[in-house]
Structure formats: C-alpha cells, structure tokens
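Participant: Heads up, the final residue of the sequence shown is numbered 236 in our numbering, and it's a clean run with no missing numbers.
Just so you know, these hints were derived from the structure itself, not from any lab. Honestly, I wouldn't trust all of these hints.
[What the hints assert, rightly or not] Here are the computed distance ranges between Cβ atoms for each label pair:
#1 K222 <-> L58: 39 to 45 angstroms
#2 R31 <-> R160: 48 to 54 angstroms
#3 A191 <-> Q221: 20 to 26 angstroms
[What the hints assert, rightly or not] Calculated cross-link-like contacts (lysine-lysine; reagent style DSBU-like; alpha-carbon spacing at most 30 angstroms):
#4 K131 <-> K70
#5 K189 <-> K70
#6 K189 <-> K131
#7 K131 <-> K222
Built from N, CA and C at the ideal position, the CB exists for glycine as well.
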Amino acid sequence: MTVDRDNNSGAVSHFLDLAKGIVPPMNPAGRPFVVGAAVATLLLRRFSKRAGVVGALLTAWVAWFFREPKRTTPTRPGIAVAPADGTVSHVVEAVPPAELGLGDVPMTRISVFLSVFDVHVQRVPVPGTVKQVSYRPGKFLSADLDKASEDNERNTVWLRSFDGHDVVVVQIAGLVARRIVCHVAEGDKVAAGQTYGLIRFGSRVDLYVPAGSRVLVEAGQKTIGGETVLAELPEG
Numbered sequence: 001m002t003v004d005r006d007n008n009s010g011a012v013s014h015f016l017d018l019a020k021g022i023v024p025p026m027n028p029a030g031r032p033f034v035v036g037a038a039v040a041t042l043l044l045r046r047f048s049k050r051a052g053v054v055g056a057l058l059t060a061w062v063a064w065f066f067r068e069p070k071r072t073t074p075t076r077p078g079i080a081v082a083p084a085d086g087t088v089s090h091v092v093e094a095v096p097p098a099e100l101g102l103g104d105v106p107m108t109r110i111s112v113f114l115s116v117f118d119v120h121v122q123r124v125p126v127p128g129t130v131k132q133v134s135y136r137p138g139k140f141l142s143a144d145l146d147k148a149s150e151d152n153e154r155n156t157v158w159l160r161s162f163d164g165h166d167v168v169v170v171q172i173a174g175l176v177a178r179r180i181v182c183h184v185a186e187g188d189k190v191a192a193g194q195t196y197g198l199i200r201f202g203s204r205v206d207l208y209v210p211a212g213s214r215v216l217v218e219a220g221q222k223t224i225g226g227e228t229v230l231a232e233l234p235e236g
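From just these sequences and the hints, can you work out the full model?
Facilitator: Next comes the structure, spelled out in structure tokens:
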C-alpha cells in the first residue's frame, strides 16, 4: 500500500513538472484580468452552461496572452537581443526620441511588430544601467505603420550598457493597445533578457542601437524576445 502511494505521488509530481515545462508562467500584470474573466465565467455559468464554456475559453485565452515564458539569453558581449517577440517590420536610420535629449545624430532603429498572438512582455536588450525613462501620450495608429514611432503613445527607456553604448528601447501602443506597463526606473541595474514591461493587446517595440552596429535581422524575420540577437554593437 505504501509503495503504491509513493508511486502515485511520484507520478503526480512528474506530471506537474511536465506541465510546468509546457505551460509558461503568467506575468503578474495579467492576474487582475484573469481573475475578472474567471468571476465573469462563474456568473455566466449560473445562467447558461454554454455561456460558461465560452467564458472559460476566454479566461484561458487571457491567461495565455499574459504568458511570460522563460528564455535563454546569449551571454557574449557586444550584442543587443530582441526586446520582444514578433516580426521585424522596419530597419532604418532614425533620430532617437526627442524626449531623451540625445541630439539629432541618427541611430539604427529596428522595429518589431507584435500581433495579439505574440508574447507581449518586453525584455531588456543589453546589460547595463537605466539612464532615463520617459512616457509620452499620443495617438493609437496601427503599430505596423512607420509613423507610429513618432505619433503613437509610447514609453522610452534609455540604457547605458556596461561597455559604454547608449541603447534605446521604446514601447509603442497600437491600434488596440491602450496600456503600457514599465517596471524599471532611472538608476536601475538591469540584465539582458530580463522582463521590464508589457503592452496590452497588439503593439510595437523599437530598438535603437548606435550607428555602425551590425544588424543581423531583416524586415519580415520573426524574433524571440531575450534570445534573438538583433545587432552586434560597435567595438571600442
């Protein structure tokens, strides 16, 4: 009897370990939405089992939307990793956001568009120190448009990498997105690949790297936040 009980316990433990490996954890910002959807599901189920099933599916989708999968970030120096999952929409030379006061010298801007099916947490592209965080209200144009970088609501983080490079990452609201969340502040020490924010429901993230960086991606390429290397930064 004791052996059977131990075997059953071991089987359950093994199943839970497998489940943890398959089902990614959820970002804390999603918990209120999941709780709200779950409560609504329970209320709907009192009136209609079919509506309860729809509510349960919606609750599962909300939990899935706010997923925060673990990532393995490359550790070699002098690189900038993708700040978000999505598709590269533009690679252009552009002046960094004016609110940072970095001047009018163009940097290389790599834009990543996030659909509602992509992971929506943002990750730090380089290890370093947060020099400035600036929020600017704006429009809610479709995030895949080039002018969204200038016109849309955005949150900008200026990073100084530990090897002395200035790198800028910008969370940009989209047509559906109405909430940008940022968890870092000026003076914070950050590691490449760590989660620093989230945009709700469709958006875009711009990464500005110094001119002379070697860009390793092209428009149309898929990115994995915290893992895909977008650029090699200039030496020296």
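Participant: Work down the list of hints and note, for each, if the structure agrees.
Facilitator: Tested hints:
1. K222 <-> L58: 39 to 45 angstroms: Violated: the Cβ-Cβ distance is about 27 angstroms, outside 39 to 45 angstroms.
2. R31 <-> R160: 48 to 54 angstroms: violated (33 angstroms)
3. A191 <-> Q221: 20 to 26 angstroms: This hint holds: roughly 25 angstroms between Cβ atoms.
4. K131 <-> K70: Satisfied, since the Cα-Cα distance of roughly 26 angstroms is no more than 30 angstroms.
5. K189 <-> K70: Distance ~20 angstroms between K189 and K70 Cα, so the pair holds.
6. K189 <-> K131: The hint holds at about 10 angstroms.
7. K131 <-> K222: holds (29 angstroms)
Checked against the numbered hints given earlier, this structure breaks hints 1, 2; the rest are met.
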